[in-house]
Structure formats: C-alpha cells, structure tokens
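A.B. asks: Spelled out from the first residue to the last, the chains are:
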Amino acid sequence: MAIEPLASTTPQDLPQIKGVKDVPYDELFVSGHRTCQGCESALVMRHMVKASGPRTIVLGSTGCMYVANTTYYTTPWVVPWMHTQLGASGAAALGTAAGLKVLMRKGKLKDEKINVIAFCGDGGGADMGLGAISATLTHKDYDCLVLLYDNESYANTDIQLSSQTPYGAVTTFSPTGSEKRLMHTRWKKNMPGMMATGHPESRYIAAGCAAYAVDLMNKIRRALELGGPTFVHTLDPCPKGWDYHPQYSQELGHLAVETGIWTLYEVIDGVCNLTGPTRQIAEGRKKRKPVYEYLKRQGRFSHFADEDVEHFQATVDKMWEEWLIPGVIPFTIPQKDAGLLRIDKRAKPLHAEAKTA
Amino acid sequence: MTTITSDIPRHGAPENANEVETEQLATGCEAIAEAIRLADVDVMAAYPIRPYDGVMQAAAKLIANGKMDVEYIVADGEHSQFEIVKHACAVGSRVFVGSSGVGWFYAFEAIAVTAGLRLPVVAICGNRALDDPGAFGCEHNDALAVRDLGWLLCWAETAQESLDFALTAWKVGEDKRVSLPVAIGLDGAFLTHSQQIVMIPTQAAVNSFLPKFDLGDRLLHPDNPITIAPQVDQDWLMEIRMQNDQAMRNALGVITEAHTEFKRLFGRGGDNPFLDEFMTDDAEIVFLGQGTLSLPMKVAIRRLRKQGHKVGLVRLKWFRPFPTADIVRSLSRFKAVGVIDRDYSFGSPYYGGVLYNEIRSALYSAPKRPVVVGFIAALGGREIEQPMAMEMFEKTMAAASGELTSGDVCHWIGVRK
Ligand SMILES: Cc1ncc(C[n+]2csc(CCOP(=O)(O)OP(=O)(O)O)c2C)c(N)n1
Ligand code: SF4
Ligand SMILES: [Mg+2]
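Chains as they are written, first to last, in the working numbering: chain A, 1 to 357; chain B, 1 to 417.
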C-alpha cells in the first residue's frame, strides 16, 4: 500500500495558539501505542506534533516514548519517525537538520521548511546525552528542536533514579529500607536553566508541562519558528514511576508548578519570560502552595519523615528567594551589586517580589 | 507517492570538460579526502584522534579552499560523530566519517546500529592500538571489532587504493542489494601519513562510476512518513537479521561488479576484487595478510626468491564479506600458508589472531588444504623487519614439511624475552 504523503494542512508558519479552541484538530500521534494509562509523556508527544504540524521529522531516543510507542506494524506516528540511541538526541537532531540543509542547498531535495524535533527522556537527555545536546545548541546554523520529556526516572527500564529524580524519591535503585530511609539525596539537576545559561546563541529554551497544554504547544511552535537549535524541557507526571492513580496526572502537573517545584518559563533571544502560574507566583498574584500538597499524593515520597518534607520545602524556598531567577539561574548577586549589573534598571530581581507574596 | 527529490538531473559535483586525470603526492588520508570531494559527499562529521584525523584535516582544507561543498560538523565525541552521519544518511545524504582505536570504540553503539539500520555510511578506521597502555601505532583490532555486525570491511595497501576503495565503498554500500555501511582500514602511520603518488580521477569519470545516492522508499521525509527502527522484538528480529545476512551475501557479487566497472573506467584494481597475489604462480608456500604489511613482506619474498625459495604473498583486500570461495581456490594451491595478524584474539582457538582463525575456518571443508601457521606480528605500530620475515618464513617452511605440531601453530614474532 502506498504511503500517503502528509500534506501541509497546517501552514508552515506556526502562529501562537490563542486558546484551546485554536488548537489544530489534526492528530499526528494517534492510537497504536501502549504507554500506561495517564502517561503524561505520551501527551507531550501528542501536543508536540500537534503544534509542529505534518511537515515534521521526529527522532526519538530509547526510553518509554520509543519502546511503548513504536511496536512494529502499529506505530502511532503519522509523521516520519526514527529511533536514535539513548544518548544521541542531540546528534540525531543535528545530523538530520544538517542532512536536510545540505541536500536542499545542493538541489538534491525540494527546498522547503521541514521541522526537525529530536526527543529524549531525562535519562537520555540530562544524563547520557547531555554533551550531545549541549553541542547541538551551539550549532546555530541548523534548525532543530531537542525536546526533553522528563518523567523523573529511567522509566522504561523499571524506574531507576536519574539526575532528574527529585530528592528522596523511591526508585528501584533507591528503595527505602529498614536502615536507610533515603537512598537518593541528590537535588534535581537544573537542566533547562543549564541549557539557557550555557548556550547564548540558542534563540529559544523553555520549560513547560503538558498540564498547561496551550502554553506547551506555543513553546514548541516558538522554538520551531525562531529556528536554530532550541530546547524545550517538560515535566511529565508518570503514574507508574511516581506511584499514584493515573487519573491524577494533570492535577500533579498543576501542583508541581503551583508549589513552585517546577517553573514554567521561556528564554527568547536571551530574555527570560516566566509563564503561567509561575509568573503569577513571581508577580505575587498567587501564593506558592506547600510542597507537601504535591509530595503527599505520590507513593514515591510516602516514606518521607517530617524532616524530609522540611528539607524539600526549604530547598524550594531557597530557589524562589535566593536564586537570581527561580528555576533558571541558581545563584544570585550581592544586593550591593544590583546597581553594578544594572539589574534594577532592566528588571527587578524576581525574588524581591516573590518574598512579599 | 509524490516525488521527494527535485527533478534536477545533476548528481555529483559539477564537471569540467577540460579536466584531466592528475598525479598528486598524497598520504592515505589526503587520498581519501580527494575521494570525499569527488564523491560529492553531503555530510561529514569529525572528531580528533590520531591517525585517522589526517583525513578530516585534509578535508577541512579542501572546504576552506572552496574545493568542495560538504556540511562539515565537528562533533562533541565519536558517539555523536557516528550518530550525526547516521541520521544525515537517513534523510538521503551521502556521508563520510571515521575514527581510530579507542575513538572507534567510543562510537561503537552508533557503529552497531548503523548496520542494523542498513544505512550506507562510509567510514575509515585509521588503525591504532587500543590504549591502555598508551600506544598510537597500528593494530587492526579496532576495525576488526565490526566484523560480526554487518559492516563491509576492507583494507587498503596504498594511498591509491585508499582513494579507489573509498569510491567503491559508496558505490557498493549504497547499492540497494547491499545497503550496508562500509569501513576502510588504513594502517595508522604506514598508510595514513605516508606520501605516495596517487592518480586523481576526473569528476566526470567519478560521476559515471558513482550513481546518485537514492534511499528510495526508505527515505525519512514528510512525503514518505515511515517509522524507522520500531520495536520488533522476538517477533520479527530474526527475519530482519536474516535480511542483513542476505545483503552481506549479495555484497560479494556487487563488489565484483563494481571492481569490473572500476577497472574499465580507471584501469586499476588488480585481477581479483578480493585478493591481491604476488609471486604466487609457482609458489609452494605463501604469506597472507592485510594492509601495508605486504610491503616489507614483498621485499622479503624477492630476497627469498633469489635464494631459490618458491614463496609468495596473498593480500586479502576485503575482510567482510569474507571471500571464502576465492580464499579456498587460491590457498588450496599451496603447501603451507603463514597468516600474519596485526591483531590479537586472546584465548581464541590455538591462540591465533583473528585472520588466522578465519582462514582456517574457511579452509576446513576444502578437499585440498594447506597447513596454516599463525603469526602475531607488528603490534602497536612496530614495523615488520626483515629478520622477522625470515623467522616467519622458516616457521612456515617447517609447517609445510610437517614439522610443526598442532600445539605449535601460532607464534608471536619479534617479541623481546
Ligand atoms: C546505551 C544504553 N544504555 C542503556 C540502555 C537501557 N535503557 C533503555 S530505555 C532506558 C531508560 C531511559 O530513560 P529516559 O531517557 O529517562 O526515558 P524513559 O524510559 O524514562 O522514558 C534505558 C536506561 C540503552 N537502551 N542504551
Ligand atoms: S512508565 Fe511512566 S513514562 Fe513510561 S509509559 Fe508508563 S506512565 Fe509513561
Ligand atoms: Mg525518564
């Protein structure tokens, strides 16, 4: 059977979506996958290609979104899709973008805009593939987006801890036991912040969450519109790894943001905009919820003693009160230097307002 | 299905009617860089490691001087390097990559899947010892590590053959009957960095030899929305592996065809695509090896011939696919074969090298077969000196006259006590 080409039903200029009613109808990630019920990462996949439209090539690194998504003969991908190795999303994006670019330049392929998106999990992206993603974000001649879907563990291999697993969480590599309550005591690596601060020529770096679907789709579109190498990191509740009933995925996504544990933002050409509830918290229009509201709903934290919750809260507070930009830049400057760096002239340090909230 | 590629008929770099074949002094690496230019490669990825990186330096200079149009990506490591070209290949680019020694091993995950994906990446392996302990010199274990994976693998003897093999590699690897990656072994230093006279063919001749790269319905493109490398598991993997096996079998014929056409167009390539024989017509014993060790061995053979010994050399050009029938046909003529391995395979049958055991295995069911002696020689970049060649000659002679026992068939040559 001949394969139907994917006509450009969505214009290749990707305007920002104004609200749910403005979201394209086309589904380019359809049934055929076998992710868990309530899998937020699968929702990220769906939103990602909805936003990018059919003239897109997707590369995916090993992990749940490969293994559970591409069973032979039942692929859910309507767009062209190719597997890449666990640590290779950066290289996959780069190689694909470079290939398309040169073939079009030499007249070997029709010259048109084709979106290139390589996704990876937190294990594949924030651990193993960090170097390759970082390299790709410096190759400003190639148009490609790396999307890191962060379910906070090596989920596909049975939920092992990664550098994105939150402090204290139970995973199969960090069980709780009679002698050791917490096996995992590293704080989550600040991946999107690291990408934003480390790659000044990348035009777009963002942190999102599928619980804020329109915000996320707009971030994908903005990344593809601006071009060059870009990066979007999503936080994805995972019922299996986080140990909660699948019906609460959206709620947990909201809570992650409302407690200030996860921040929504985008850095466009070096200017950081907080988005969604993160912005409201920073502006003092919304009060951060206690992290306990988030932790208590997940089995992976059920062994927490009061002191663990307190440590968690204190660390999140520090991020909001002492970081230069919460969730983005994990240090600050002495107050006396605020004038020196003209921070007061450009914008007020966010934590000053957040404190008063 | 709509056509994906534009209908611009051109393939290959622009031709110039007045261009003539030229002679140039070039190292093995520089010769390969010329092949990259002539093949109109689309994407290449570089990462530094000696000695292969001479080719990336030479290619960079060609680009800087406006001699070719290639997307030249300096990667963050060999894993990325090989992944980049793999993915560029999947969208239809002709690609080139390479590495040496531990760099080759750093890329190994990507190397393995490239064959599984049936993507015709062309790579050189500038053979280098695997540290530790530190050594940059030539050893073949790096390239040989791909031998079970579905990579075609050949070894060049001269800078000319490096260029010729590279052009052949794209032709054979990209052929739909094969669709497999190809690795070209270049002995570190001995070939990568020694200058020889090389005939540089014209663009027009190369364009008539090398067709346009066309992945057909395997091209990753929005007009052909396929899913590449889905989870097939035990359900289908065996069928797919067997297709790779078939492709490797097909490669023997496709290499032969390419060799014939190459000879017709360029007048080079020898009588047999797989073997290069030297003074074997009346030989009673022969040496067999790969790459540049043929040079010191030819010197030794000429000397031995002057002394009246009927000795010759068989140089194996393609290790994968292994030319079993040609090997059997050729070696059955001799009393004894001394296989020289520039590699090791610790704990293998008879403690022989990789090549030794492949040759023995190929001969096992031959009705008439020679005695096979194994030599591990010239590791870590050592040269084969004439006394070593004489020692190998004496041992092979002893084997021919039945003096060697089975416990005495593999020898380390030139090792200090
Ligand atoms: C090089 C390599 N090492 C290990 C694995 C085993 N492996 C397969 S999927 C996976 C989990 C990846 O985790 P992540 O990137 O977070 O994706 P997730 O499964 O959570 O979706 C691992 C470790 C592999 N495929 N490749
Ligand atoms: S384990 Fe988590 S990420 Fe994987 S399919 Fe299930 S819910 Fe999704
Ligand atoms: Mg994960």
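Derived by calculation from the structure, the hints in this document are not laboratory data. There may be inaccurate statements among the hints.
Unchecked claim - Mimicking PhoX-like on lysine-lysine, the simulated pairs with C-alpha atoms at most 25 Å apart in a straight line are:
1) A:189 to A:289
2) B:67 to A:106
3) B:310 to A:110
A.B. asks: If a hint holds in the structure, say so; if it doesn't, say that too.
C.D. replies: Here is how each hint holds up against the structure:
| no. | hint | result |
| --- | --- | --- |
| 1 | A:189 to A:289 | holds, 22 Å |
| 2 | B:67 to A:106 | holds, 15 Å |
| 3 | B:310 to A:110 | violated, 62 Å |
When the structure is compared with the earlier hints, a violation turns up for hint 3 alone.
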